[in-house]
Amino acid sequence: MPELKIVKNATCTFCGCVCDDIELHAEGERIVETKRACSLGESWFKNHTAERLYPDALIDGQPATVAAAVEAAADYLYRAHMPLVYGLSNVTCEAQREAVFLAELIGGVIDSHTSL
Amino acid sequence: MGGKVTCTLGEVKNRADFIIYWGGNPAECHPRHFTKYTLTQKGKFVPNGRKGRTMVLVDIRETPSGKAADLFLQVRPGKDFEMVTALRALVKGQPVDRERVAETGLTVEQLQDLVNQMKAAKFGVLFFGMGLSMTRGKHMNSAAVLALAAELNAFTKFVAMPMRGHGNVTGADVVLRYTTGYPFGINLCRGYPRFNPGEFSTVDLLVRGDNDAALILGADPGATMPQPAIEHLARIPTIVLDPKVTHTSRLAKVHITTAATGVSAPGTVYRMDEVPLPLRPALKSPYPTDEEVMRRIREEVLKKPAWLPATNGRAAIA
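First to last, the protein sequences are chains B and A.
In terms of my numbering, the first sequence opens at residue 1123 and continues consecutively.
In terms of my numbering, the second sequence opens at residue 78 and continues consecutively.
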């Protein structure tokens, strides 16, 4: 039986409410209890586990290392005349700042879900 | 007119006695909005909680949120802009055409009654959702309700706030604003930011086939975008960062699995009222975070010779 880890005042990032009063109970690789979370938040927390369900990276659909994938990504973006950096919704502000930095370096367009 | 008259959700909880939801269904999409921030909580200046507040729902059909409302106003689909414009006229005491108001599916009396209630409020707030901002009129609808809220401040305190969907989409607006000066759809290909929704917004770019590579993070356009945009993503080298292998990953050249934000990746996210909150992840992921992968891609690009924009032979800015 893995040890039960309790995180108080955890923050849910499913919707724009960003409720920060959730109590999470984690056992090993999954969250088993989400106190005060709504039904959407509960399924969000319980559907994301820490299991290794997917390959680290895929290049042309084939499993690859993160290092090789990072190199391939950098090559494609560097060679492009008008690359697009899009999404930014389900990532942290720290990742968003990195995305702006990268978009500037590659001379691209940066856009989020807001434009949809 | 520019600028948004708004407030935090804490102020709504403690002060708002008149709440309008327009084109949104919080009961199903933001289940804790009523109970945590707006309706049922007892606030400092709203000591009676739900009894001290009035809630109005404006939508094209009665959704489950209607059960929580004191008044439901059914607007005809695509007539939101006309309804807001009529309200703005009534707020200023200007005459309105009965027949043209009737096109919105509501009567002048219903709108006048709403205006009277808005003016009588001590602290009014208008939440607007994608039913307003993503239907006919789009950003002009958002601009109109923001103007309505601003103009009501000649009579009472009134604010407006968009109901944001996806977790940190508010953070994307904030981060892009403080780094580039614009909230979304920013073109940096001349070495400086340019903003023009419709020209530099993703769906338009992809449907026109303007991009020759794409990096997608924290989104799955392969499941949500119009088919021509998806087809273009499949034509060009697309790179996806996501905790799961998504629809977009399947048509991408490169997919990198990352830790799930908030579940196993730490950091900061913005609530819809632009209050930043720290994440407290409960799990430890075997995958790197989006932040780390983005940093590694950036460092890899930095190893290459500097990119300079071709500005008709003049000196580059980058």
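Read the hints as simulated data drawn from the structure, not as lab findings.
A few of these clues could be false.
Going by beta-carbon spacing under 8 Å, a handful of chain A positions derived as facing chain B [unchecked claim]:
#1 C84
#2 L191
#3 K196
#4 A197
#5 K199
#6 G258
#7 F272
#8 P298
#9 A300
#10 A311
#11 R312
#12 I316
#13 V322
#14 T323
#15 H324
Label pairs and their calculated CB-CB ranges [said to hold, decoys possible]:
#16 B:E1149 / A:Q304: 39 to 45 Å
#17 B:V1154 / A:M217: 34 to 40 Å
#18 B:K1168 / A:A300: 42 to 48 Å
#19 A:K121 / B:G1183: 53 to 59 Å
#20 A:A179 / B:E1151: 44 to 50 Å
#21 A:Q171 / B:K1130: 25 to 31 Å
#22 A:R312 / B:E1149: 27 to 33 Å
#23 B:S1161 / A:K128: 35 to 41 Å
#24 B:K1168 / A:P141: 20 to 26 Å
#25 B:V1154 / A:G268: 20 to 26 Å
For glycine and all other residues, C-beta sits at the position ideal for the given N, C-alpha and C.
Here is how each hint holds up against the structure:
no., hint, result
1, C84, "violated (15 Å)"
2, L191, "violated (25 Å)"
3, K196, "violated (29 Å)"
4, A197, "violated (29 Å)"
5, K199, "violated (24 Å)"
6, G258, "violated (11 Å)"
7, F272, "violated (10 Å)"
8, P298, "holds (7 Å)"
9, A300, "violated (12 Å)"
10, A311, "violated (12 Å)"
11, R312, "violated (13 Å)"
12, I316, "holds (4 Å)"
13, V322, "holds (5 Å)"
14, T323, "violated (10 Å)"
15, H324, "violated (13 Å)"
16, B:E1149 / A:Q304: 39 to 45 Å, "holds (42 Å)"
17, B:V1154 / A:M217: 34 to 40 Å, "violated (47 Å)"
18, B:K1168 / A:A300: 42 to 48 Å, "violated (21 Å)"
19, A:K121 / B:G1183: 53 to 59 Å, "holds (57 Å)"
20, A:A179 / B:E1151: 44 to 50 Å, "violated (59 Å)"
21, A:Q171 / B:K1130: 25 to 31 Å, "violated (54 Å)"
22, A:R312 / B:E1149: 27 to 33 Å, "violated (44 Å)"
23, B:S1161 / A:K128: 35 to 41 Å, "violated (27 Å)"
24, B:K1168 / A:P141: 20 to 26 Å, "holds (23 Å)"
25, B:V1154 / A:G268: 20 to 26 Å, "violated (50 Å)"
Going through the hint list in order, the structure does not satisfy hints 1, 2, 3, 4, 5, 6, 7, 9, 10, 11, 14, 15, 17, 18, 20, 21, 22, 23 and 25.
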